[in-house]
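Colleague: Residues per chain, in single letters:
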Amino acid sequence: MTIPDLFFHNLPMTAVPPDWPGGYWWHWLFFTVILIGFVLIMIMGATWIERRGLARLQSRLGPNRAGPFGLLQPIADGIKVMLKENIVPDKADKLVHWLAPVITFVPVFLIFAVVPFQDGALLADLNIGILYVVAISSVATVGVFMAGWGSSNKYSLLGAMRNVAAVVSYEIPLVLAVVGVVLMAGSMSLNQIVVGQDIPYILLQPLGFLLFFAAGCAEINRSPFDLMEAEQELVAGFHTEYSGMKFAMFFLVEWGEAIALSALITTLFLSGWRGPLLPPWLWFILKTLVVFFVMVWTRGTLPRVRIDQLMALAWKFLFPLALINLFITAIQILVWPAANQWVLVVINIAIMIILVVLWSKLFFKLGWGRVEV
Amino acid sequence: MLANYGLIGLFSIVVVLFTLVMVITPIILRFLKIVPSNPNPIKNSIFECGMETIGKTWVQFNFHYYFYALIFLALDVLVVFLYPWAVHLRQLGLFSFFVVLILVFIVLIGYIYAWKKRVLEWK
Numbered sequence: 025m026t027i028p029d030l031f032f033h034n035l036p037m038t039a040v041p042p043d044w045p046g047g048y049w050w051h052w053l054f055f056t057v058i059l060i061g062f063v064l065i066m067i068m069g070a071t072w073i074e075r076r077g078l079a080r081l082q083s084r085l086g087p088n089r090a091g092p093f094g095l096l097q098p099i100a101d102g103i104k105v106m107l108k109e110n111i112v113p114d115k116a117d118k119l120v121h122w123l124a125p126v127i128t129f130v131p132v133f134l135i136f137a138v139v140p141f142q143d144g145a146l147l148a149d150l151n152i153g154i155l156y157v158v159a160i161s162s163v164a165t166v167g168v169f170m171a172g173w174g175s176s177n178k179y180s181l182l183g184a185m186r187n188v189a190a191v192v193s194y195e196i197p198l199v200l201a202v203v204g205v206v207l208m209a210g211s212m213s214l215n216q217i218v219v220g221q222d223i224p225y226i227l228l229q230p231l232g233f234l235l236f237f238a239a240g241c242a243e244i245n246r247s248p249f250d251l252m253e254a255e256q257e258l259v260a261g262f263h264t265e266y267s268g269m270k271f272a273m274f275f276l277v278e279w280g281e282a283i284a285l286s287a288l289i290t291t292l293f294l295s296g297w298r299g300p301l302l303p304p305w306l307w308f309i310l311k312t313l314v315v316f317f318v319m320v321w322t323r324g325t326l327p328r329v330r331i332d333q334l335m336a337l338a339w340k341f342l343f344p345l346a347l348i349n350l351f352i353t354a355i356q357i358l359v360w361p362a363a364n365q366w367v368l369v370v371i372n373i374a375i376m377i378i379l380v381v382l383w384s385k386l387f388f389k390l391g392w393g394r395v396e397v
Numbered sequence: 007m008l009a010n011y012g013l014i015g016l017f018s019i020v021v022v023l024f025t026l027v028m029v030i031t032p033i034i035l036r037f038l039k040i041v042p043s044n045p046n047p048i049k050n051s052i053f054e055c056g057m058e059t060i061g062k063t064w065v066q067f068n069f070h071y072y073f074y075a076l077i078f079l080a081l082d083v084l085v086v087f088l089y090p091w092a093v094h095l096r097q098l099g100l101f102s103f104f105v106v107l108i109l110v111f112i113v114l115i116g117y118i119y120a121w122k123k124r125v126l127e128w129k
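Line order of the protein sequences matches chains A and B.
All you need for the numbering used here is the position in the first sequence, starting with 1, plus 24.
All you need for the numbering used here is the position in the second sequence, starting with 1, plus 6.
Mixed in with the good hints, there may be bad ones.
[As the list claims (entries may be wrong)] Straight-line distance between alpha carbons at most 25 Å, and here's what the computed SDA-like set of lysine to any residue pairs gives:
#1 B:Lys49 <-> B:Ile33
#2 A:Lys340 <-> B:Ile115
#3 A:Lys104 <-> B:Ile52
#4 A:Lys118 <-> B:Gly15
#5 A:Lys104 <-> A:Val126
#6 B:Lys62 <-> A:Leu123
#7 A:Lys340 <-> A:Val359
#8 B:Lys122 <-> B:Val65
#9 A:Lys340 <-> B:Ile52
#10 B:Lys62 <-> B:Lys39
#11 B:Lys49 <-> A:Ala272
#12 B:Lys122 <-> B:Ala75
#13 B:Lys39 <-> A:Ala272
#14 A:Lys385 <-> A:Leu326
#15 A:Lys118 <-> B:Ile40
#16 B:Lys122 <-> A:Val126
#17 A:Lys340 <-> B:Lys39
#18 B:Lys49 <-> B:Met28
[Claimed, not checked] Facing chain A, from chain B, some residues (calculated, C-beta under 10 Å):
#19 Phe37
#20 Asn44
#21 Glu127
No wet-lab data here; the hints were simulated from the structure.
We put the CB at the ideal spot given by N, CA and C, even for glycine.
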């Protein structure tokens, strides 16, 4: 394969193309540039979609001055934030305060290293792909806690503690929902998972999808679970003391994680790059944006939960349902290995509805429990 | 497979450098007098409704966080054991299913105990 081939019509089909000299390095260089560019451009697009979409949902216009439809707003914001004064509190732990955005920012990029954009078109096709994603994405929490701790501000510290508590709680339903997908696919490599999805797993694993979506939204601090930066209670949470570029980096992380989660949902549940007519990478980006829009929609629709509700939802609703979902999937695979997939789709959707309704009637309902705060 | 991890390692080095550049650029711009830098005691104080923070900020944690952390540890280790099983379930067959069921059941006893003892309530 020659380099023009690489750029024009077909992306490399194996993780390490061996048939041209220095293939390893070209592959690495190509995907490093592509991934960094992809993440930054998607973050810009995401901020635009979020602000315009949210404005539409709330009957306002949103940013519409910079460029057509306000499309250049992210660039204007970037320049503005780059030129802002950098304020560090006197009492802050300077080194921790300075390192926190870096440590939060890096994992967001690293997640994309194993996400396939096309068949075999990914930086590294790890055979433990999804486990790698789960491990790497947890590192960002350390950065968030460093930000809260290093700022020497009580609001920041409270926000960071809440963040750690929420991430710890929602990690388990998230990971268990992924195990359901791994059961269906029989592989942890994200590329293999996509190749195995003749029917999108959102249909075969509807409960798993719901759990993954809810837990993922909580994990990356999105509304309705964004208690760590609840403005009414904690000023701005862990990034209260940040300004200028470092503040911007926390915002980039927020949207970067949202895009990463959308990309993961696309890969795990919406059959990734597979689709008719359009080129695969375009399908991947389109599906990612659709999932992201659903997240914006949730933010525009649902009110923020209370902190005790947040914890209870993870431990009393999502975790037991995730375990039940896991074992139902395992039974289906063992007992009817050759069953018609569409029959399973119907059965699984029915099971999902019954479980969600019954569990919320019998064991846990959001809004029960303690009323005084 | 090792080559793949090499790719990720190299990628992570580039990403760390990229992120450091993003943090350092405003510092360089400050020396070029493009980014302003006019610190004063009020501006550099900690944000708290316009008054000084009372007491130490770096307080001890609420003990309740540790309950969650402990349950999380037990369950997370369980989940890590589930991954290899999930990949090979088709080859391992029904026997492995019951083994995992017993494993999960043992951990679940602790979970139900924690629920009944109201450890999962946020106080």
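Colleague: It remains to establish, for every hint, whether it holds in the given structure.
Modeller: Consistency of the hints with the structure:
1. B:Lys49 <-> B:Ile33: Distance ~18 Å between Lys49 of chain B and Ile33 of chain B Cα, so the pair holds.
2. A:Lys340 <-> B:Ile115: holds, 14 Å
3. A:Lys104 <-> B:Ile52: Roughly 23 Å between the alpha carbons, so the hint for Lys104 of chain A and Ile52 of chain B holds.
4. A:Lys118 <-> B:Gly15: violated, 28 Å
5. A:Lys104 <-> A:Val126: Holds. Lys104 of chain A to Val126 of chain A sits at ~20 Å (cutoff 25 Å).
6. B:Lys62 <-> A:Leu123: The given pair, whose Cα atoms are some 22 Å apart, holds under the 25 Å limit.
7. A:Lys340 <-> A:Val359: Status violated; Cα separation ~29 Å.
8. B:Lys122 <-> B:Val65: violated, 30 Å
9. A:Lys340 <-> B:Ile52: The hint is violated at about 38 Å.
10. B:Lys62 <-> B:Lys39: At roughly 36 Å apart (the allowed maximum being 25 Å), Lys39 of chain B and Lys62 of chain B break the hint.
11. B:Lys49 <-> A:Ala272: Given that 25 Å is the threshold and the Cα spacing comes to 19 Å, the pair holds.
12. B:Lys122 <-> B:Ala75: Holds - the C-alpha atoms of Ala75 of chain B and Lys122 of chain B are around 18 Å apart, at most 25 Å.
13. B:Lys39 <-> A:Ala272: holds, 20 Å
14. A:Lys385 <-> A:Leu326: OK: Lys385 of chain A and Leu326 of chain A at ~20 Å, within 25 Å.
15. A:Lys118 <-> B:Ile40: holds, 23 Å
16. B:Lys122 <-> A:Val126: Violated. Lys122 of chain B to Val126 of chain A sits at ~41 Å, over the 25 Å cutoff.
17. A:Lys340 <-> B:Lys39: At roughly 55 Å apart (the allowed maximum being 25 Å), Lys39 of chain B and Lys340 of chain A break the hint.
18. B:Lys49 <-> B:Met28: Distance ~24 Å between Lys49 of chain B and Met28 of chain B Cα, so the pair holds.
19. Phe37: At 12 Å from the nearest chain A Cβ, Phe37 of chain B fails the 10 Å test, so the hint is violated.
20. Asn44: Because about 7 Å separates Asn44 of chain B from the closest Cβ in chain A, which is inside the 10 Å limit, the hint holds.
21. Glu127: holds, 7 Å
The structure shown violates the earlier hints numbered 4, 7, 8, 9, 10, 16, 17, 19.
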